[in-house]
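Trainee: Below are the chains, spelled out letter by letter.
There are 2 protein chains.
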Amino acid sequence: MGQIKRFLVGKPIATEHQHHERLSRITALAVFSSDALSSVAYATEAILTILILGGAAALGLALPIAGGIAVLLVVVAFSYRQTIRAYPKGGGGYIVAHENLGKLPGLIAAGALLTDYVLTVAVSISAGVAAITSLANTWGAPWVKDYAVEIALFCIFLVTLANLRGVKESGAIFAVPTYAFVASILVLVVYGIGMDLLFGAKPVEQHITPELLHGETIGLWLILRAFAAGCTALTGIEAISDGVPAFRSPEAKNASSTLTWMVAILVTMFLGITWLANAHGAIPNEITHETVVSQIARTIFGNGPIYFVIQVATAIILVLAANTAYADFPRLASFLSRDRFLPRQFSSRGDRLVFSNGILALGFFSALLVVIFQANEIAMLPLYAIGVFISFTLSQAGMVRRHFRIKEEGWKRGAVINGIGATLTAIVLVVLAVTKFTHGAWAVMVLIPILVVIFNSIHRHYNSVARQLSLEGADLPIALRRHTAVVLVSGIHRGVLPALQYGSSLAPDNVTAVYVNLDPDQTAKLQQRWRDWGCNVPLVVLESPYRSLITPLFNYIQEMDARYDDDVLTVVLPEFVPAHWWEHMLHNQTGFLIKTALMFNKNVVVTSVPYHLER
Amino acid sequence: MGQIKRFLVGKPIATEHQHHERLSRITALAVFSSDALSSVAYATEAILTILILGGAAALGLALPIAGGIAVLLVVVAFSYRQTIRAYPKGGGGYIVAHENLGKLPGLIAAGALLTDYVLTVAVSISAGVAAITSLANTWGAPWVKDYAVEIALFCIFLVTLANLRGVKESGAIFAVPTYAFVASILVLVVYGIGMDLLFGAKPVEQHITPELLHGETIGLWLILRAFAAGCTALTGIEAISDGVPAFRSPEAKNASSTLTWMVAILVTMFLGITWLANAHGAIPNEITHETVVSQIARTIFGNGPIYFVIQVATAIILVLAANTAYADFPRLASFLSRDRFLPRQFSSRGDRLVFSNGILALGFFSALLVVIFQANEIAMLPLYAIGVFISFTLSQAGMVRRHFRIKEEGWKRGAVINGIGATLTAIVLVVLAVTKFTHGAWAVMVLIPILVVIFNSIHRHYNSVARQLSLEGADLPIALRRHTAVVLVSGIHRGVLPALQYGSSLAPDNVTAVYVNLDPDQTAKLQQRWRDWGCNVPLVVLESPYRSLITPLFNYIQEMDARYDDDVLTVVLPEFVPAHWWEHMLHNQTGFLIKTALMFNKNVVVTSVPYHLER
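From first to last, the protein sequence lines stand for chains A and B.
Following UniProt numbering, the numbering of the first sequence begins with 1 at its first residue and continues without gaps.
Following UniProt numbering, the numbering of the second sequence begins with 1 at its first residue and continues without gaps.
One should not assume that every hint holds.
When the alpha-carbon atoms are kept at most 25 Å apart in a straight line, the in silico PhoX-like pairs for lysine-lysine are as follows [unchecked claim]:
1) A/K602 with B/K595
2) A/K595 with B/K602
3) B/K11 with A/K5
4) B/K5 with A/K595
5) A/K595 with B/K89
6) B/K253 with A/K595
7) A/K103 with A/K407
8) B/K5 with A/K11
To be clear about the criterion: a stretch of chain A counts as covered by chain B if any three or more of its residues have a C-beta under 8 Å from a C-beta of chain B, and this derived list gives those stretches [as the list claims (entries may be wrong)]:
9) 78-88
10) 333-339
11) 473-485
12) 546-559
Away from chain A, derived, C-beta distances all over 12 Å, residues of chain B [said to hold, decoys possible]:
13) A14
14) R22
15) L53
16) W143
17) A162
18) W261
19) A264
20) T299
21) V416
22) G440
23) W442
24) V446
25) A499
26) L613
Since the hints were made in silico from the structure, they are not lab data.
The beta carbon of each residue, even a glycine, is placed where N, CA and C say it ideally should be.
Whenever a hint applies, use it, and build me the whole structure from the sequences.
Mentor: Put into structure tokens, the structure is as follows:
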């Protein structure tokens, strides 16, 4: 077991080797923006998936809707520049809301963010796999998409493993694929729009064309739904504000300008892709599952190498986006754990210096989502973004409160900016909640309060334990006067002798061996052999009409325990240990069951005396 | 946990209430024949599934092939009448082969039978569900078949549960559905053939007609494959020979004549259904998954109540057939366990007097098969029957050997009958193995030798343990002279004090408390408070550069252990026990890990001193 772990996870790393790299703006953009930028891969498609319900005519609304989302993006980005300035040590939604609005808003933000990080992994990995299956589909291998779930699960496994090993926070790993993605999408957008304007756009050819429905009329509801769907483009833009300390000095200034650049790139790519989708008539294809970006790319560049680069770069940046959640989720879980809102296992670093339990939890839940949604990222999107907008709203509202409290220089301007941001994101949050409610968002809206309740009960439990264990007002306990020992035996053999001896030496005048009679013949044999081998310990045989071991043993132990007031009762269990761990399965696990059951018995000390088999 | 178990499984039953009912021939037929008779539900379809590959013309071969199988049935039945006479206490394949041919043939028969019992459950339950989904399909609810896997798993769950509760061996429960099934199929056969002969047969109407392929030419290979497929009709006919002691006196005579009756009924039903399938052109429908029996029944009787009764009776007898495997598998597993070929957990009766572990194992593996094969019983059939024919051949060969050894009255006639049976089943076994090999039978043929190897390694392990634990030649160990105690502490709080005290009283002059330094600040605080609360036990602080608890502790314990030769080292673990079991999850499981790891350390006794939290 240990060897398998070493092979997969690697050798332990010493605590003193913990270090942090300081990032330049160029590498910081790559490290922090993969989540935000990668949403270009599915945001346009999400809008079109809704608009298509209004028929072909509705598809033209995509660009104005994307424009609205772009405005929202810019507003939120400006608002977050304030957070960066105020929290140079990192201001995640949980911290900002907790510090400025109080415990409950903090926990709501935390629950929302944890939920969203799980969705980030599931959505990004599924979208990445969709980029690959679209490529395969174009290249005559449509069967690859039948294995989408397996591929996605394998990717989650690899990313989880990489994070358990501890990915170095090395900018270079992120820089190449991120800039390759940005470059390839910008080339697609610039070349595509240019050629379209010069020579006209040629429509996407589809092997199997999806039917255009005319079910819903184009109305405000449809537009709001499409807008809500597109808001997934905003996920991840808060990442820079969490990670300010990783920037080179002056941290806040560098982080701010990186955020500005990121939003500029994101808006350009998002609007460009949406323009191209419209011009070429790309529409979500439920039959082939080919992505909209893939349709556009192969229509503009043909099935050749450029198309290949775009698809592969998209897939890689989506995996990187998932990877950022592997930094965020365990860190937030460790904050919550440190504040006693999550089990303390989340706050201990494993032997590779990473928060292993948070990483494993994230991997598990995102894999579960991938299985439930069969790696269909478009189906998961209604659940996504709700959490982020809750966190946006609470975090910016917290900033407004902070400005009023601290009244730093220029606080009024800051308060106005954050106020506009908070108001806008709150309105969008309502739109998201209402339009996506029946499409799955209800699940998130039920889950977050449940999480808050769980956080609070965990908190209460830890506080209660701390109070109960506190030495304040405790008396030094009186010394032990007397030992009573009960040796449980299942027969008489070499493995039992050391336990009998141990019991004798612990309580020479007060030791008994106990045996449960399940078979009268066996019992008679045992009693006969006890004369020779019993080490002078008296044998007590208990009857058990229902063949249960535990009940008669417990009754006897309670009886013995009641005999003296000033003694401590030790139950001695002889355990023979097989030479190989797997041989444990071949022996009754009764010893283990008895030990577990005895733990709930007050005033009983349980002692295991092992006998090791040689082979 | 205990309450859930009580609710599901029921109250414990006292050992003295173990009893056995003696069965009349009428009820015995019902109890022992459900497995054999129920194969009528799929055997004809299995033949047609192969013949259809040869096109419409090949379908006419079904009746002669079924005739051949009927002859085989009669021969095997005659052969088993000898076994009944020779083993009035029950002669299963394992016992007969083990006793007459030796250990290896016995284990092969055992492995083959265990495999086949698992398949009996999976195939029978799936076929039972197919009867219900066919009914639903005819009655306009084709969507029911989409839930076939879930329904099958639920049935397995119910049958497992019923057996864990301990189904009374009450003939009445079996008699009604078994005779209802026999009666309804006989009515179908007699009425159907009569009407067909008088008025001609009307062809089966199918909503969706499967295409008739013309892929394979009709040749010997196709005929052999179809024959092999139909041999599933023989599964279960050995059941009576296992259960002779359950018959009323004269046991052997009653069992023999019951076997004869069973085979007569089985042959009649099987040939009748095959005749009707041919006459009405019923063919396996891969699209609707409607069974052949359902097609025939609704064509002859319409969609009304008689059709309903036939389908429901079929489903019920198939569930009963699965239920018989729940008696056979745990019993055989308990024999193997008693003979030390399987873990001993299989030989202990649970508190409801049944072999709970065998029942759970059977439920688990058959559920696994249902999931793998998506409850498609026809797809499972190639794996089925191989095991039964291995057991047939070995058991009858063993009988031949026995006749030559014992030379009882009329032994020559017996040897000839068993010899013919053994030879025929051996030939069919070869046909089965060859024709079904690539369709999945290879898996069974790989599995059985693996099982035999496992049986043998378990046997070797138990023998080696018994030798090592034997008191023969053992010396009474010398008395313990000296105790050394090491108390592991993770801090100082009320939960630690009793453990320190216990350590002190065990080894007053030789006790230390050990703490692993993971955080210098915490350590300094602990050392300061130790003066007041350390109960005069010296504190040792260990360094751990890799944040591991186990490694430094182990090194220290080894060091302490090496100090004296004549002492016993006790590691004392303070454990605080939360008031509710689920609260355990909120605390580090380090104590448990350390305990497990220490078990592999020689000469170390592990003692848990609990401190119980109040709430």
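Trainee: Now, for every hint given, state plainly whether the structure supports it.
Mentor: Consistency of the hints with the structure:
no. : hint               : verdict
1   : A/K602 with B/K595 : holds, 20 Å
2   : A/K595 with B/K602 : holds, 20 Å
3   : B/K11 with A/K5    : violated, 43 Å
4   : B/K5 with A/K595   : holds, 20 Å
5   : A/K595 with B/K89  : violated, 41 Å
6   : B/K253 with A/K595 : violated, 53 Å
7   : A/K103 with A/K407 : holds, 22 Å
8   : B/K5 with A/K11    : violated, 43 Å
9   : 78-88              : violated (count 0)
10  : 333-339            : violated (count 0)
11  : 473-485            : holds (count 6)
12  : 546-559            : holds (count 3)
13  : A14                : violated, 5 Å
14  : R22                : holds, 25 Å
15  : L53                : holds, 25 Å
16  : W143               : holds, 19 Å
17  : A162               : holds, 20 Å
18  : W261               : holds, 39 Å
19  : A264               : holds, 43 Å
20  : T299               : holds, 37 Å
21  : V416               : holds, 44 Å
22  : G440               : holds, 22 Å
23  : W442               : holds, 24 Å
24  : V446               : holds, 21 Å
25  : A499               : violated, 9 Å
26  : L613               : violated, 5 Å
The earlier numbered hints that this structure contradicts are 3, 5, 6, 8, 9, 10, 13, 25, 26.
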